[in-house]
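Peer 1: What follows is each chain in one-letter form.
Number of protein chains: 4
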Amino acid sequence: MPVSLRPPRDIMHFDVACSLAYSVREPATLVLNVRPAQNARQRIVSERFETTPTAAVESTTLASSGNRLDRVQLAPGEFRLDYRARVSLEPSRVDPASVGECPPSELPLDVLENLMASRYCEADRFARFADKVFGDMAPGHLRVTAICNWIHDHLDYRRGSSNAHTSAIDTLTDRAGVCRDFAHVGISLCRALGIPARFASVYAFGLEPPDFHAVFEAWLGDRWYLFDPTRQAALDGLVRIGVGRDAADVAFSNSWGGVLEPLDMQVSITRSDGAAEPADRTVAAVSVDAG
Amino acid sequence: MPVSLRPPRDIMHFDVACSLAYSVREPATLVLNVRPAQNARQRIVSERFETTPTAAVESTTLASSGNRLDRVQLAPGEFRLDYRARVSLEPSRVDPASVGECPPSELPLDVLENLMASRYCEADRFARFADKVFGDMAPGHLRVTAICNWIHDHLDYRRGSSNAHTSAIDTLTDRAGVCRDFAHVGISLCRALGIPARFASVYAFGLEPPDFHAVFEAWLGDRWYLFDPTRQAALDGLVRIGVGRDAADVAFSNSWGGVLEPLDMQVSITRSDGAAEPADRTVAAVSVDAG
Amino acid sequence: MPVSLRPPRDIMHFDVACSLAYSVREPATLVLNVRPAQNARQRIVSERFETTPTAAVESTTLASSGNRLDRVQLAPGEFRLDYRARVSLEPSRVDPASVGECPPSELPLDVLENLMASRYCEADRFARFADKVFGDMAPGHLRVTAICNWIHDHLDYRRGSSNAHTSAIDTLTDRAGVCRDFAHVGISLCRALGIPARFASVYAFGLEPPDFHAVFEAWLGDRWYLFDPTRQAALDGLVRIGVGRDAADVAFSNSWGGVLEPLDMQVSITRSDGAAEPADRTVAAVSVDAG
Amino acid sequence: MPVSLRPPRDIMHFDVACSLAYSVREPATLVLNVRPAQNARQRIVSERFETTPTAAVESTTLASSGNRLDRVQLAPGEFRLDYRARVSLEPSRVDPASVGECPPSELPLDVLENLMASRYCEADRFARFADKVFGDMAPGHLRVTAICNWIHDHLDYRRGSSNAHTSAIDTLTDRAGVCRDFAHVGISLCRALGIPARFASVYAFGLEPPDFHAVFEAWLGDRWYLFDPTRQAALDGLVRIGVGRDAADVAFSNSWGGVLEPLDMQVSITRSDGAAEPADRTVAAVSVDAG
Chain L
1 MPVSLRPPRD IMHFDVACSL AYSVREPATL VLNVRPAQNA RQRIVSERFE TTPTAAVEST
61 TLASSGNRLD RVQLAPGEFR LDYRARVSLE PSRVDPASVG ECPPSELPLD VLENLMASRY
121 CEADRFARFA DKVFGDMAPG HLRVTAICNW IHDHLDYRRG SSNAHTSAID TLTDRAGVCR
181 DFAHVGISLC RALGIPARFA SVYAFGLEPP DFHAVFEAWL GDRWYLFDPT RQAALDGLVR
241 IGVGRDAADV AFSNSWGGVL EPLDMQVSIT RSDGAAEPAD RTVAAVSVDA G
Chain F
1 MPVSLRPPRD IMHFDVACSL AYSVREPATL VLNVRPAQNA RQRIVSERFE TTPTAAVEST
61 TLASSGNRLD RVQLAPGEFR LDYRARVSLE PSRVDPASVG ECPPSELPLD VLENLMASRY
121 CEADRFARFA DKVFGDMAPG HLRVTAICNW IHDHLDYRRG SSNAHTSAID TLTDRAGVCR
181 DFAHVGISLC RALGIPARFA SVYAFGLEPP DFHAVFEAWL GDRWYLFDPT RQAALDGLVR
241 IGVGRDAADV AFSNSWGGVL EPLDMQVSIT RSDGAAEPAD RTVAAVSVDA G
Chain H
1 MPVSLRPPRD IMHFDVACSL AYSVREPATL VLNVRPAQNA RQRIVSERFE TTPTAAVEST
61 TLASSGNRLD RVQLAPGEFR LDYRARVSLE PSRVDPASVG ECPPSELPLD VLENLMASRY
121 CEADRFARFA DKVFGDMAPG HLRVTAICNW IHDHLDYRRG SSNAHTSAID TLTDRAGVCR
181 DFAHVGISLC RALGIPARFA SVYAFGLEPP DFHAVFEAWL GDRWYLFDPT RQAALDGLVR
241 IGVGRDAADV AFSNSWGGVL EPLDMQVSIT RSDGAAEPAD RTVAAVSVDA G
Chain P
1 MPVSLRPPRD IMHFDVACSL AYSVREPATL VLNVRPAQNA RQRIVSERFE TTPTAAVEST
61 TLASSGNRLD RVQLAPGEFR LDYRARVSLE PSRVDPASVG ECPPSELPLD VLENLMASRY
121 CEADRFARFA DKVFGDMAPG HLRVTAICNW IHDHLDYRRG SSNAHTSAID TLTDRAGVCR
181 DFAHVGISLC RALGIPARFA SVYAFGLEPP DFHAVFEAWL GDRWYLFDPT RQAALDGLVR
241 IGVGRDAADV AFSNSWGGVL EPLDMQVSIT RSDGAAEPAD RTVAAVSVDA G
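Residue numbers (my numbering), protein chains in the order written: chain L, 1 to 291; chain F, 1 to 291; chain H, 1 to 291; chain P, 1 to 291.
Accuracy of the hints is not assured; some may be wrong.
Here are some of the chain H residues that sit facing chain F, going by a computed Cβ distance under 8 Å [what the hints assert, rightly or not]:
no.	residue
1	48
2	125
3	132
4	154
5	169
6	173
7	174
8	175
9	176
Once the Cα atoms are required to be at most 25 Å apart in a straight line, the calculated SDA-like pairs of lysine to any residue come out as [claimed, not checked]:
no.	chain 1	residue 1	chain 2	residue 2
10	L	132	P	160
11	H	132	P	152
12	P	132	P	160
13	P	132	P	103
14	P	132	P	175
15	F	132	F	110
16	F	132	H	178
17	P	132	P	145
18	P	132	H	29
19	P	132	L	156
20	L	132	F	26
21	H	132	F	149
22	F	132	F	105
23	F	132	F	150
24	F	132	L	24
25	P	132	L	153
26	L	132	P	75
27	P	132	H	257
28	L	132	L	145
29	L	132	F	150
30	L	132	P	150
31	L	132	L	153
32	P	132	L	128
33	P	132	P	110
34	L	132	P	163
35	P	132	P	152
36	F	132	H	103
37	H	132	F	131
38	L	132	L	221
39	L	132	F	258
40	F	132	F	149
Note that these hints are calculated values from the structure, not bench results.
Yeah, the Cβ is synthetic: ideal placement off N, Cα and C, and Gly gets one too.
This is chain L alone, in the form it adopts within the complex (with noise of 0.2 Å):
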């Protein structure tokens, strides 16, 4: 059983922030994923979207994913999306060593699919390599925290190294990338290992500069546990927004059917409160997920 580090009730409170600006030159559908998720440890307290020009919203909570979608169909000229939100997180923080793998004869059918490989994480190729270098670790939180301490030294952080089409197999190759490769880079060696593995969006207090940042959460025990192997931002004070299988699946926004340009965006996530500051990053094994 995991053993708990922290008192039961240790809650922190959090607003979040996005805006968004488009130049939209020909009638778009755009789906945006900004909302953070919600769940016992991660509750909504209030949230407003906000569009100029106003336009018709339709807003959706996947069964599958939990994630948040907005949908919005925008008319030529400029669009811009403000959303703020107050989040309360109460994240379990367990101690990493009282956290083991999951064995595939008592996985939960439904996470089977987190083993798969995914278009930017190709576990298919990787089992030899995971397995020379992690396969003769104990399993458990702190292997898959090996995974993340191999990533963060023998890849190199670089803004511009990668692109939209840039899978696990070219970060290793190339030996850099940004937090989308690094958490695509971990999951694909969890998968390969046999733990579930996906990728997540997340606000992450502290971050500099602010931006939506990614992560990723491995399945452990007998729920989702956070990973961040660019070391940016404390794993307790991530607010999760979209999970999925790689990148392809968290987009902040998509868009179909037309003609857009990015404008402007800002993000942003201050403390609402002075209880408590988000943990040492490297202490505890951390989750936000409801179990």
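Place chains F, H and P on chain L using the hints.
Peer 2: Then chains F, H and P, alone, in the frame of chain L:
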């Protein structure tokens, strides 16, 4: 509105079966996806799932996909699965010219993930190619048929020309593949055009030699329609097993944690009635989606 | 035998020039390949290779390719090369219908390496594709022109659509590229058909905007013929600089062992006589190979 | 200056042989590269090249590489080549610590092409990886040995793990390959570090089972030195056949324009003297380059 091509109740009955034998050297977890999906158009009249030696079997229907999985713990020795089912199939058959594409503004948001690139379907790379070849065609079922025709005309069906790592980019480069590769190319081109598409494994009446078959589904109008770019079986003789982003999601078997070797595989599908033959494969738009 | 389309002595004179400026931060070795090749059909009337500051220059003509290289040792600071040459060009122009392919039984054995796959020209992967599209055409110069036409019709010329790692597989997938990518596709398809082909860098009369240009040569009959799938310049207005397997071999500059940054590049080619205009680009089979 | 480890005249004699049989269905041109190269360190004492049925053979030594090619026109039926040669080998064996790298400022310009990326050696993609792992080592023969050790320690030698399209990126991803793949990785890493490297096919004394073997050469000091990351044969027991950019250039046979099927292949190398055994493979820096 789709124009029906057949009287409303036109039900066929099929007996499907498969036998899979493995030599197990180290204890392993096997997850099987061989049971046909169940919905209003495809009913399981009876089925038998038998293992030799007798083993505990955990059976689940995934909420997200409707795929019906069986998990079995294998002990060293020989293991054999014999599955058979009687299925009543009532495919919807409508005039293809009456089936249009669904605009992104109206697409159900939980279908959206089927627009995304996946491991074997790098749709993000084919935008220009798809647009050049199919961009000027009228949207709808006939455009997806045009994609299938293109695949049939430009690729060679060749056993042994691909392997478990082969993706749509590979297949389009090499211009050869098997049913799964043909499906991956069809899915990639659909997604690149903004048409949701997914991989489907099926029992295919008339397929020679008998085997599990792979086709794809495209979301048109308000449901999933079946397509088979190999033209190896009639579309209304397909009993659908599993669906997913691509072949990574829909293997008939996956194993973890052990060592096992396939010994034998038999697949069959026969008519258990004489009432109706599957229709000519080129006439109708066919769906087994309950809609 | 090739049928000549012009009187035997139809000589044009060109002035070609380039200026390259670099900011050198750490001592580096620079190897330049900017001088036109010299042979009986392309004579250097005069040339000047000038560096600022004055630097020791080691000049070589490679025996294998005829490429004329200059090696310069760069000290920190700004470095500038100014090269200019007057070239008399006497391209062979013959009736394309009179130029056949050379059977493998007669191919000079030192031309053979130009049948092999190279970094950016994965000819080994295109055998089936090339055969399907071009296999039934009559062998000869017109078949290579058909390849160029296919490239011109199926790929978009788009600055910024490719980078230094882009290969023919990438370009055929993405359906866009620049001159070097078009050449790589042409070379790959030729080699896949058994026609030796190589990359050529050129000064191209009439190219807008002026720049180094990339075309390719195919071995037909008993010599190398020029082809330009971009159709951006007349074939008989090309002053050939370097040849090689692909762009990896024929950079106008390569540097090692230091750190330098390009500051500026100017390329020009003008007529220094008024006697003859380059021919219409579609009429003749053109070669500047001394044969 | 390299420090010699053996007395100046330390000559071994080998008998090498190969037999290749083909079933020819349609007339084809076969180009063979099975004869050992000839230079001051590797002399052909006698050789016999015999075909059944007797066929016209055109033999050439390429000026650029020294590769010795034989072209044969094959008629339908069975074709068999029997080649055997006695070779006197006088490899240079020097102290590896005395062999440095050659700075780009002094590199012979005709060696330069061996720094470029090629079909199976995408050196352009490995700059960061090579620098991270080997960048801090002292330049020289020992650094290339370190590359070979890394390959030996990180890749599995596995028959069947690769195919004719497998490149260094594939091999480094999959972490398995055969001799040609190991050589491609070694070449790629050398080139990425600025060390010219090329592929070499050899008769390898002591190789089990007997076969054509693939190794690589790196240009160090003033000549080519042999390296074998598979460690399957002693370096000074290698009789070099062909060299080239990578395996694309150095096949023992290539055919064009017909249809033929390999029936049988036998390769052998034995000592024809008892005077000296090949040295321990880890002690000396070995070259058969005439320098």
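Peer 1: Run every hint past the structure and note whether it holds.
Peer 2: Going through the hints against the structure:
no., hint, in the structure
1, 48, "violated (44 Å)"
2, 125, "holds (5 Å)"
3, 132, "holds (6 Å)"
4, 154, "holds (7 Å)"
5, 169, "holds (5 Å)"
6, 173, "holds (5 Å)"
7, 174, "holds (6 Å)"
8, 175, "holds (4 Å)"
9, 176, "holds (6 Å)"
10, L:132 x P:160, "holds (19 Å)"
11, H:132 x P:152, "violated (42 Å)"
12, P:132 x P:160, "violated (30 Å)"
13, P:132 x P:103, "holds (20 Å)"
14, P:132 x P:175, "holds (18 Å)"
15, F:132 x F:110, "violated (29 Å)"
16, F:132 x H:178, "holds (18 Å)"
17, P:132 x P:145, "holds (16 Å)"
18, P:132 x H:29, "holds (22 Å)"
19, P:132 x L:156, "holds (10 Å)"
20, L:132 x F:26, "holds (20 Å)"
21, H:132 x F:149, "holds (16 Å)"
22, F:132 x F:105, "holds (24 Å)"
23, F:132 x F:150, "holds (13 Å)"
24, F:132 x L:24, "holds (24 Å)"
25, P:132 x L:153, "holds (10 Å)"
26, L:132 x P:75, "violated (50 Å)"
27, P:132 x H:257, "holds (16 Å)"
28, L:132 x L:145, "holds (16 Å)"
29, L:132 x F:150, "violated (43 Å)"
30, L:132 x P:150, "holds (13 Å)"
31, L:132 x L:153, "holds (17 Å)"
32, P:132 x L:128, "holds (22 Å)"
33, P:132 x P:110, "violated (29 Å)"
34, L:132 x P:163, "holds (22 Å)"
35, P:132 x P:152, "holds (18 Å)"
36, F:132 x H:103, "violated (36 Å)"
37, H:132 x F:131, "holds (22 Å)"
38, L:132 x L:221, "holds (24 Å)"
39, L:132 x F:258, "holds (17 Å)"
40, F:132 x F:149, "holds (16 Å)"
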